[in-house]
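Protein chains: 2
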Amino acid sequence: MAGAAAMGGAAWAGHEPRRPTPDRPPPSSDLVSYEETVLAFRNHGFHLEMLDQEITPLGSHYQLIHFDIPQLSPAGYAITIGGRVKKPLRLTLEDLKRRPVVKEPAILECAGVGRSYSHPRAIYVPWFNEPIGVFEYTGTPLRPILEEAGLLDDAEEVVFTGHDSGIDLGGHVSSGVDAGAKHFFERALPIDEAMKDGVILAWDANGQPLLPAHGFPLRLVVPTWYGMASVKWLRKLTVINHTFQGVEQKLVYRLQTSSSDSGRPVQQKWVRAAMKPPGFPDAISRMRFLKATEPIRLVGKAWSGFGAITKVEVSTDDRRTWQPARLGTPLGPYTWVSWEFDWDPRPHKGKEVILSCRATDDKGHRQPLKPWWNVQGMAQQGVERIPVRVF
Amino acid sequence: MAGAAAMGGAAWAGHEPRRPTPDRPPPSSDLVSYEETVLAFRNHGFHLEMLDQEITPLGSHYQLIHFDIPQLSPAGYAITIGGRVKKPLRLTLEDLKRRPVVKEPAILECAGVGRSYSHPRAIYVPWFNEPIGVFEYTGTPLRPILEEAGLLDDAEEVVFTGHDSGIDLGGHVSSGVDAGAKHFFERALPIDEAMKDGVILAWDANGQPLLPAHGFPLRLVVPTWYGMASVKWLRKLTVINHTFQGVEQKLVYRLQTSSSDSGRPVQQKWVRAAMKPPGFPDAISRMRFLKATEPIRLVGKAWSGFGAITKVEVSTDDRRTWQPARLGTPLGPYTWVSWEFDWDPRPHKGKEVILSCRATDDKGHRQPLKPWWNVQGMAQQGVERIPVRVF
Chain A
1 MAGAAAMGGA AWAGHEPRRP TPDRPPPSSD LVSYEETVLA FRNHGFHLEM LDQEITPLGS
61 HYQLIHFDIP QLSPAGYAIT IGGRVKKPLR LTLEDLKRRP VVKEPAILEC AGVGRSYSHP
121 RAIYVPWFNE PIGVFEYTGT PLRPILEEAG LLDDAEEVVF TGHDSGIDLG GHVSSGVDAG
181 AKHFFERALP IDEAMKDGVI LAWDANGQPL LPAHGFPLRL VVPTWYGMAS VKWLRKLTVI
241 NHTFQGVEQK LVYRLQTSSS DSGRPVQQKW VRAAMKPPGF PDAISRMRFL KATEPIRLVG
301 KAWSGFGAIT KVEVSTDDRR TWQPARLGTP LGPYTWVSWE FDWDPRPHKG KEVILSCRAT
361 DDKGHRQPLK PWWNVQGMAQ QGVERIPVRV F
Chain B
1001 MAGAAAMGGA AWAGHEPRRP TPDRPPPSSD LVSYEETVLA FRNHGFHLEM LDQEITPLGS
1061 HYQLIHFDIP QLSPAGYAIT IGGRVKKPLR LTLEDLKRRP VVKEPAILEC AGVGRSYSHP
1121 RAIYVPWFNE PIGVFEYTGT PLRPILEEAG LLDDAEEVVF TGHDSGIDLG GHVSSGVDAG
1181 AKHFFERALP IDEAMKDGVI LAWDANGQPL LPAHGFPLRL VVPTWYGMAS VKWLRKLTVI
1241 NHTFQGVEQK LVYRLQTSSS DSGRPVQQKW VRAAMKPPGF PDAISRMRFL KATEPIRLVG
1301 KAWSGFGAIT KVEVSTDDRR TWQPARLGTP LGPYTWVSWE FDWDPRPHKG KEVILSCRAT
1361 DDKGHRQPLK PWWNVQGMAQ QGVERIPVRV F
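Each protein sequence line maps, in turn, to chains A and B. Note that my numbering has the first sequence beginning at 1, numbered continuously upward. Note that my numbering has the second sequence beginning at 1001, numbered continuously upward.
Source of the hints: derived by calculation from the structure; they are not laboratory data. Hints should not be assumed to be uniformly reliable.
[Said to hold, decoys possible] Now the stretches of chain B that chain A is said to cover, found in silico as 3 or more residues with beta-carbon under 8 Å:
1) 1030 to 1042
2) 1059 to 1071
3) 1266 to 1272
4) 1284 to 1296
5) 1344 to 1352
None of the values given here were measured: they were computed from a predicted structure. C-beta atoms are modelled at their ideal positions from N, C-alpha and C, and glycine is treated no differently.
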């Protein structure tokens, strides 16, 4: 087509997949089954054009719904805190709202981020770079609730149970856990993690009650861990004196180097940076086109579950050379930080440029150029390649 | 796994896609490219478990975002009404809100519904049954605005232009329209359609301002047509005296029987019914499991852009026999109608049952058992097959 040629790019090539991976173009076998495609529609992705905003609008934040969305009424709703505690508690939504209230912008990111950049790819929600988002949550800190219940001396973990239930026939390792039995979604935190600042029970996001798909009427928010820890539609908290053996912890959401490795559970978010795609898109391929008329500002966000971001670097030559971006001031300790980088696309007129960004945190973690492969395709944080056709 | 066997189903088979189509199981070639998978994450699907609710909660309604979401401020926002009119108008959001206000539950459905049930499948957003949803919109009727502007005698169509722009390199027919040139999203309505009751300019959905992904601050709602007509992020209305030749009308969103057929634009929603998936899901395959302890009530919705629903039938034997469902009373003339059907799964214990529903409207349109194929995979309305494993 004339328009495509005028922009310096080949016309869209039809059926060939060509989505870039962090480290190389995808092989022609990069195809997704219909089952996984259904999961991509159910589990909404973040809209990357919102990467210039500190708070993600409702309707543009990612969602991961493991089973079905439970339909819960706030009337009569309550959670229980039991197990290895001195004084079991039952708290209604009104009880919780009478406790100390905090407002907290928090970044959530699905543990399955970047799964489709892995080769071979694990079969589950076939995420690329879009399972992210920041809402400002309103809730109450968890620690005082656990203190009021009184942890017994042998308390090791807190199990958070949601109202959502189903089965996991695709369980990745069959190590004695019956994933085919109907179960509630459950994840545990070690006591020291559950007691940390920032861990809250939240009822509002962006100033209004949680949407049903985001955990109405109450969810846990663990801002430094991947999203599976922030259990939605909370039903009960159970303090246990051993390591939790539930399906979503023992089988799913684990980092395994091989299928014979039982692995370790996914926990903190690894350091990562993301860029607002510059220019304008082609509707189907989402390829970006940029008119080279003047210098532009590249912007994006960076975050880490291990600490503060100390550096973001930008490459405009497919990761050969790097230059520092300017960092902004985050809205709080549990959210992402903005970065910006001024770039002149005019010398690249008529070419396809590969843009990348790369974050480092204050623990010295830095995004790898080649992502670390693992069996379930969890926690991929390799530096992204964003092709832009300059015309 | 023991659990799966106990439920009477084979264990999940790993990489094999097996999503059912309306008329038959998919062939092994039913795979989706990475590019299309990215579109499935961006373009959110309706959560089918919400099919028992009249109004879809925010965060669970489908979205189709052709280019990027424009970021618009309500301050200073205005639309213009021009072209073949006697008195061109400029209306701010405040001007519009001072006009007569209507509240209107309306069903929207993407024209690409069922595209992945087609063989061969067109390349664009690879929808199955999930691009639907009903919000209650608040807005003002369009007709009085057009009457105030005063249509000239040669007025034929009204073109609605959004603020969203980009290119369409995947344009399906290259018939002289340059889809590769940057353009705004635009669709037109014939004057008689634009003047119909129910066509409104809406600023609220479910009692709050439109979310950015749903057209903030103002969108058109054409409740009887497929979703592409309900232009989001409205920029201007232009009355023309000919047939609109824009990319989204002349090339995209057309019903074509072959690639040499220029086709006709997609318009009214064809009659369709949908069922809330019964039982509980397997997390990855979304296969449904149902414990056969007592009779259950199957529920769902039905709608047509041509008229009222007069009949919904249910089949529990893979479309061999049909029985009538009971119809509810819709909330208004532009939304879906509820249906329910009592069914005893106990005789089917240990078997996989295929459930279906089939709607008829008052114009005599009835869902076909085999869908009508077309080049772009538009407006698929074939009767669905919903496999349920009874245990």
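Now for the hints, and whether the structure bears them out:
1. 1030 to 1042: Result for this restraint: holds, n = 13.
2. 1059 to 1071: holds (count 9)
3. 1266 to 1272: violated (count 0)
4. 1284 to 1296: That given contact holds, which follows from 5 residues of the region 1284 to 1296 of chain B lying within Cβ reach (below 8 Å) of chain A.
5. 1344 to 1352: It is violated, with 0 qualifying residues against the three required.
Hints 3, 5 from the earlier list are contradicted by this structure; the remaining hints agree with it.
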